Amino acid sequence: MANPGAYIAGIFEHPTRLATDKSVAQLHAEVAAGALADAGLGKNDIDGYFCAGDAPGIGPLSMVEYLGLRVRHADSTDIGGSSPIAHVAYAAQAIAAGKCNVALITTAGRPRAAAEAPGTLTENPDYPENGFELPYRPLLAAGYALCARRHMHEFGTTSEQLAWIKVAASRHAQHNPNAMLRKLVTVEDVLASPMVADPLHRLDCCIMSDGGGAIIVTRGEVGKSLGRPLVRVRGSGESIKYQLGSHIDLTTTAGVKSGQMAYEEAGVTPADIKYLSTYDSFTITVLLALEDLGFCAKGEGGRFVEDGKLVSGVGRLPVNTDGGGLCNNHPAHRGGMTKVIEATRQLRGEAHPAVQVKNCDLAMAHGTGGMLDRRHGCATVILERE
Amino acid sequence: MSSQNPSRPSPMQTVETKPFWEASARGELLYGSCSACGEKHYYPRARCPYCLSDQVTWLAASGRGTIYSYSAVPRGNPPYVSAYVMLEEGVAVFTNIVECDPGDLSIGLAVELVFEKSRDGQPVAVFRPAS
Numbered sequence: 061m062a063n064p065g066a067y068i069a070g071i072f073e074h075p076t077r078l079a080t081d082k083s084v085a086q087l088h089a090e091v092a093a094g095a096l097a098d099a100g101l102g103k104n105d106i107d108g109y110f111c112a113g114d115a116p117g118i119g120p121l122s123m124v125e126y127l128g129l130r131v132r133h134a135d136s137t138d139i140g141g142s143s144p145i146a147h148v149a150y151a152a153q154a155i156a157a158g159k160c161n162v163a164l165i166t167t168a169g170r171p172r173a174a175a176e177a178p179g180t181l182t183e184n185p186d187y188p189e190n191g192f193e194l195p196y197r198p199l200l201a202a203g204y205a206l207c208a209r210r211h212m213h214e215f216g217t218t219s220e221q222l223a224w225i226k227v228a229a230s231r232h233a234q235h236n237p238n239a240m241l242r243k244l245v246t247v248e249d250v251l252a253s254p255m256v257a258d259p260l261h262r263l264d265c266c267i268m269s270d271g272g273g274a275i276i277v278t279r280g281e282v283g284k285s286l287g288r289p290l291v292r293v294r295g296s297g298e299s300i301k302y303q304l305g306s307h308i309d310l311t312t313t314a315g316v317k318s319g320q321m322a323y324e325e326a327g328v329t330p331a332d333i334k335y336l337s338t339y340d341s342f343t344i345t346v347l348l349a350l351e352d353l354g355f356c357a358k359g360e361g362g363r364f365v366e367d368g369k370l371v372s373g374v375g376r377l378p379v380n381t382d383g384g385g386l387c388n389n390h391p392a393h394r395g396g397m398t399k400v401i402e403a404t405r406q407l408r409g410e411a412h413p414a415v416q417v418k419n420c421d422l423a424m425a426h427g428t429g430g431m432l433d434r435r436h437g438c439a440t441v442i443l444e445r446e
Numbered sequence: 008m009s010s011q012n013p014s015r016p017s018p019m020q021t022v023e024t025k026p027f028w029e030a031s032a033r034g035e036l037l038y039g040s041c042s043a044c045g046e047k048h049y050y051p052r053a054r055c056p057y058c059l060s061d062q063v064t065w066l067a068a069s070g071r072g073t074i075y076s077y078s079a080v081p082r083g084n085p086p087y088v089s090a091y092v093m094l095e096e097g098v099a100v101f102t103n104i105v106e107c108d109p110g111d112l113s114i115g116l117a118v119e120l121v122f123e124k125s126r127d128g129q130p131v132a133v134f135r136p137a138s
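These protein sequence lines are chains X and Z, in that order. Residue numbering for the first sequence follows the working numbering, beginning at 61 and increasing consecutively. Residue numbering for the second sequence follows the working numbering, beginning at 8 and increasing consecutively.
Excised from the complex, chain X in its bound form (with noise of 0.2 Å):
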């Protein structure tokens, strides 16, 4: 049987960036809703849904119940904020195995208006890390700040690189609407912005916001049939790093391991790649991920960033053309969604003019969830127009 091959056939970016009058699940059906108007669906063609962490209750059980769905195939892997770009792949995967023909990826929460720290930890004895990392308060930030001033050590990368990757968020987020932060920042401002956990300063960390969004994806000739732009799966990749102690390394990710699954698959390279959408929980994790990804060698994201070559049409490789998390949206402590819709609009043409790439007929999605310097999750899509 030949691969009926998969397309992102709806996107929807939940407006709201404060959700003080909705709950989450409330949220994650308006944004099934939202994809299904784009895609041109009714909730009753839907037979896969992919959920994670975020979605309340068990799996994807109480959602399923919620929605009124009527599945035959469901998967609530849980791998961090880079779920939802893993369950492109899974529903890829499962629509190519049969098990179903028009895929639900919800994301939603409301973390800015339940006033929820990120990273909150899990005080679950039963946790087999628990125990050694809890008595030494192990703030989020200051995870990825290890690697950070290791990856500074090693190769000479500094505060200033890491700004720019801010820098262009803000530069992209200005012309998006519903961005959380719209305002331009320079090299600077990073800079004299409080210390969160040295050497991140608080603007490079990405914002905390309510919302979500959804993905639906389809069976091809279920897509072909739709009349929206086609946007086809056509190669992804999955993989998961952690420390054991001896042998320890804080300046690759597992992004390396899905990246390279993901370019065999699609048989392609970075080269190749008009855009990319790559998780940017903090700038240092773009610039890991740039490196892991193949776009530059390990040790040059520092000069790959700067300078403004992040920006679409002046930077030589345009990234997380909606203001990403660093500005736009990271709703429910969890940006692997909107790296996937903001690429799709990318591919569809219909990103904001400004930000708009020329003839952008392959893009990425590029997530790393968890925590980076103990244990993290990495997922990469390849996406393209056809």
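No wet-lab data here; the hints were simulated from the structure. Since the model is a prediction, treat every value here as computed from it, not as a measurement. Watch out, some of these pointers could steer you wrong.
[As the list claims (entries may be wrong)] Here are some, though not all, of the chain X residues that point toward chain Z, as calculated from beta-carbon distances under 7 Å:
1) L194
2) H213
3) S306
[Stated by the list, open to error] Sample of chain Z residues with no beta-carbon within 12 Å of chain X, all distances over it, derived:
4) S10
5) E23
6) T24
7) R33
8) S40
9) D61
10) Q62
11) G70
12) R71
13) A90
14) E106
15) A117
16) E119
17) S138
[To be verified] Now the stretches of chain X that chain Z is said to cover, found in silico as 3 or more residues with beta-carbon under 8 Å:
18) 255-264
19) 294-305
Where is the CB? At the ideal position from N, CA and C, for every residue including glycine.
Please arrange chain Z on chain X, whose structure you already have, making use of the hints.
Same frame as chain X, now just chain Z:
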């Protein structure tokens, strides 16, 4: 031997990690060493994460090491320093650097093991610049 730190959360223990915390109370930091594959690991566990053998011995570290990476959290209450310390045995430990001015720290700086009591009195391994 251990100073009290009321801001330090108490470690959660399991039946598997009880010997580790008993050793901490004696002033010893244990790491895992596998006689089946020869690899060492931290945090210590019952089976080797390299080969899944149960031929694992938990050994006491010398307590000497160097800073592998660190991050000062100035707005912590109180401020503190997160770090990975590379033990001279070749095993990196996720920990805190104490009794220091963060401005004096650097990667490669020699540090030594000390214990600080958490809220419930359990000694927890931390490091300070070597004397």
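Exercise for review: Examine each Cβ of chain X, and state whether all of them lie more than 12 Å from the Cβ of Z/R71.
Suggested key: holds, 16 Å
Point to revise | Cβ separation check - Z/E106 to all of chain X, threshold 12 Å | key: Given that every Cβ of chain X is farther than 12 Å from that of Z/E106, nearest at about 15 Å, it holds.
**Study point:** Status of Z/S10, Cβ more than 12 Å from any chain X Cβ
**Key:** holds, 14 Å
Practice item. Take a quick look at Z/E23 and tell me if its Cβ sits farther than 12 Å from every Cβ on chain X, holds or violated. Key: violated, 8 Å
Exercise for review: Hold the hint about X/S306 up to the distance rule: shortest CB distance to chain Z must be less than 7 Å.
Suggested key: This interface hint holds because 5 Å falls under the 7 Å limit.
Point to revise | Consistency of the no-contact label for Z/A90, given chain X and a CB cut of 12 Å | key: violated, 7 Å
Point to revise | Interface-negative label, Z/T24 against chain X, beta-carbon threshold 12 Å | key: Contrary to the label, Z/T24 does not stay out of reach of chain X, its closest Cβ about 5 Å off (not over 12 Å).
Check your understanding: Was the hint right that X/L194 lines chain Z, CB cutoff 7 Å?
Key -> With a minimum Cβ separation of about 5 Å from chain Z (threshold 7 Å), the hint on X/L194 holds.
Review point. Is it the case that Z/D61 keeps its Cβ farther than 12 Å from each residue Cβ in chain X?
Key: Holds, since 16 Å exceeds 12 Å.
Practice item. Classify the label on Z/Q62 as holds or violated, using whether its beta-carbon is more than 12 Å from each beta-carbon of chain X. Key: Fine: 16 Å to the nearest Cβ keeps Z/Q62 off the interface.
**Study point:** Hinted contact X/H213 with chain Z - closest CB pair below 7 Å
**Key:** The hint holds - X/H213 has a Cβ within 7 Å of chain Z, the shortest such distance being about 5 Å.
Review point. Under a C-beta cut-off of less than 8 Å, do 3 or more residues of the segment 255-264 of chain X approach chain Z closely enough to confirm the stated coverage?
Key: holds (count 6)
Of the numbered hints stated above, those contradicted by the structure are hints 5, 6, 8, 13, listed in ascending order.
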